[in-house]
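Asks: Respectively, the protein sequence lines represent chains U and D.
Take the first sequence: its letters are residues 146 to 646, numbered as in the numbering used here.
Take the second sequence: its letters are residues -17 to 34, numbered as in the numbering used here.
Honestly, the hints are just simulated from the structure, not real lab data.
All residues carry an ideal CB built from backbone N, CA and C; glycine is no exception.
Misleading hints may appear alongside valid ones.
As the list claims (entries may be wrong) - In silico DMTMM-like links for lysine to aspartate or glutamate, alpha-carbon gap of 20 angstroms or less:
| hint | chain 1 | residue 1 | chain 2 | residue 2 |
| --- | --- | --- | --- | --- |
| 1 | U | 413 | D | 2 |
| 2 | D | 0 | U | 584 |
| 3 | D | 0 | U | 583 |
| 4 | D | 19 | U | 583 |
| 5 | U | 433 | D | -15 |
| 6 | U | 356 | D | 28 |
| 7 | U | 433 | D | 6 |
| 8 | U | 356 | D | 2 |
| 9 | D | 0 | U | 590 |
| 10 | D | -11 | U | 590 |
| 11 | D | 0 | U | 410 |
What the hints assert, rightly or not - Chain U regions said to be covered by chain D (calculated; three or more residues, Cβ under 8 angstroms):
| hint | segment |
| --- | --- |
| 12 | 396 to 410 |
| 13 | 458 to 464 |
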Amino acid sequence: MEQRLIDEILAARSQAYDHDRPDLVSDRHGRGHLTARQRIALLVDDGSFKEYGVLAEGDPDSPGAAPADGLVGGVATIDGQPAVVMSYDLSVHTGTQSRLNTRKVEKLIFLSHQHRWPFVCFAAGDGTRTGDVGYPGFFGATAPFGVFDGLAELSGWAPTVAVVAGPARAGNAALALFCDFIVATEGSFLIAVASVEGGGDGALTAEQHEKMGDVDLMVADEAAAVAAVRTYLGYWSTDLPSGPPAPGAESIGAIIPVNRRQAYDVRKILTAFADQDSVFELRRNWAKSLVTAFARLEGRAVGIFANQPLSTIGGALDSDASDKLSRFVELCDAYELPLISFIDNPGYMVGPEAERAGIARHHGRPLMALQHRSVPLYSIQIRKAYGLGPFAMSGYGANRLVPELRLAWPTVESGGMSLEGAASLVRRKEIRAARSQEEVNAIREDYARSVRDLSSGLRAGRTYSFDDIVLPEETRGLVASFLRLAPRSHPTEKKHYVDAL
Amino acid sequence: VGDPVAKGGTVLIMESMKMEIPLEATQDGTIAEIRCKEGQPVQEGDILVVLK
C-alpha cells in the first residue's frame, strides 16, 4: 500500500483528537467544562470507546476546520456493560446539529435499538447549524430511522440518558427531552422550542427546568454528571448478589413520631429501608409531596415511590405528583424494575385550586399506570390510607394487579376520610353549636381518639385489610425474600413507551 | 429572637393538611427576625423566619 494513503488517514484522525487541539482544550477548561472526548473518556471504561465517523467533516473543502463534524460518538462499555455514547463538541460550530453529524446520531440510535444498549448523549449545543453545506455522502441515509422517531422507538426499549452541560437550544434540547433521564449541570440552560426571531431568548435555566420536572437531577459539574449516569445505568443493567443494610435499618420504626399528627421525612424511611447508600432520587425538587427513587434491596435494583408527609401538602397527591408517580411506574415497568411503595397519604388534593390545576384530568393516571404494569409491586402502608389516595399508590380494588404483598405497619389508619374529617360529619351538630375554633378542634380530636383503635394496625390485620401487619424492622427482609422469588424478566418485545411527562 | 439554632433544628411548626410539619434550619445561626404570628395562614415562598 502506498505510504501516503496511510499517512493522510492517520494525520486526519490525529487532527480530530484533543492532543492536536491544545487551544480547544484550554478554551473548554477555561469555561469550566471538559472537551467532548474528555467527557466520554470519563464515562466509559478505559480503552473501550470505538468511534464512528471520526473523519467526518461537514465541509470537506476545509479540512480540519470541523473535527468529527462536531459530534463524537461510538460504542463503549460502562462498568463492563455495552452502551452507545455521544457528545456534541461545543468548540465546533457551537455544538450544532449538521446534516452529516445527524447521520452519525441516527447510526448510533440504530445500534442502541438493535442491541438494546443504553443510549447516552451529552446534548448541549446550539441547534440546527446554519449555512450547513450538507455534503451528500456515498451511502446517503445510514439508519432505518431519524433522530426523533429513533428516540421514540428507543423509549421503553433501551434506557436513554441525556447530560446537559452548557446551553441546549432547539434540536439539542429536544434530543435531551426525548430521553428517559436528564441530568444537568449548574449554569446550563435549555430551550426546546426556539424562536428564530427571538434569537433563542426565553431559555430557562436548568435549575428552573428542574423545578418544573423537566430535569431529573441537577449536579455541580460534568464529573458529577458522569458519576450520576453510571449510577443510573447500574440500576438498569445490574442486580448485585447481595447488599448491606443501611446503618439504622434496625431502628427504622423510630422515624415515625409518636404523635400521629407530627410529620416526618419519608426520605429517612427510604434510606433506612434500602441497602446502604443505594437510594438515588429523581425529580427531587418537583412535585415534592411524592418521592421517587431507585434503590437496591439486598442487591436487587428496585423503584420506590413514597408520599412525603413533610411536604407542604402533607403527602397528598396533586396534579404534578400524579404525573410524577405515573411516569415513574411506567419507567420502572418498561425496564423491568420491581416497585415498592410507601404510603402515608391523606388523599388527592381537592378543592377549586386543585381542580384549576387539572386534578380531574391527572388523577386517573396513577391508577392507569399501576393497572398496566406487570412488574411486581409491594406496598407498605405507614400511616394514612384515606380516600382514593392509597389506590393511587398501590392499585385499585380486587383485580389481578393489586400488590403482590400489601403490608401495613402498626401505625396504619384507614378509612374513607381522615378521622378528623369523619368527626365533622358524625359530630356535626356539636361542632355547629361550638362557640370557638378551639372547641371545634377539641370535639374533632376527641372523636379521632375514640375511633382511633377501630382503624388501628391490629384491627386492620383482624379484618384482613392487608396481607399482613408487620413491624417496620421486619419489612426489609420480607420484601427482599419476595424479590428473590421473582427474578428479573427480560421481555423480548417492547412493553410500552415511557411518556415524557 | 436571638436564640441559637443548629442545622436541622426545628425553627417553627406549620400546620397543613391536619399535619404538623416541622420547619428545619438549613444552617447553623441565630434567629434574627420572626415574620409570622401563631395561627397566621402562610403561602409557599413566604419568609417566616430570618436567620443570621
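Asks: It remains to establish, for every hint, whether it holds in the given structure.
Replies: Here is how each hint holds up against the structure:
1. 413(U) - 2(D): OK: residue 413(U) and residue 2(D) at ~17 angstroms, within 20 angstroms.
2. 0(D) - 584(U): Satisfied, since the Cα-Cα distance of roughly 16 angstroms is no more than 20 angstroms.
3. 0(D) - 583(U): holds, 14 angstroms
4. 19(D) - 583(U): Since the Cα atoms of residue 19(D) and residue 583(U) sit roughly 17 angstroms apart, the hinted pair holds (cutoff 20 angstroms).
5. 433(U) - -15(D): violated, 30 angstroms
6. 356(U) - 28(D): Between residue 356(U) and residue 28(D) the Cα gap is close to 17 angstroms, so the pair holds against 20 angstroms.
7. 433(U) - 6(D): holds, 16 angstroms
8. 356(U) - 2(D): Given pair residue 356(U), residue 2(D) is violated - Cα atoms ~25 angstroms apart, limit 20 angstroms.
9. 0(D) - 590(U): OK: residue 0(D) and residue 590(U) at ~11 angstroms, within 20 angstroms.
10. -11(D) - 590(U): With a Cα-Cα distance of about 33 angstroms, the restraint between residue -11(D) and residue 590(U) is violated, given a limit of 20 angstroms.
11. 0(D) - 410(U): Measuring from Cα to Cα gives roughly 16 angstroms; hence the hint holds.
12. 396 to 410: holds (count 4)
13. 458 to 464: Coverage by chain D holds here, the residue count being 4 at a Cβ distance below 8 angstroms.
Hint check: violations occur at hints 5, 8 and 10; the rest are consistent with the structure.
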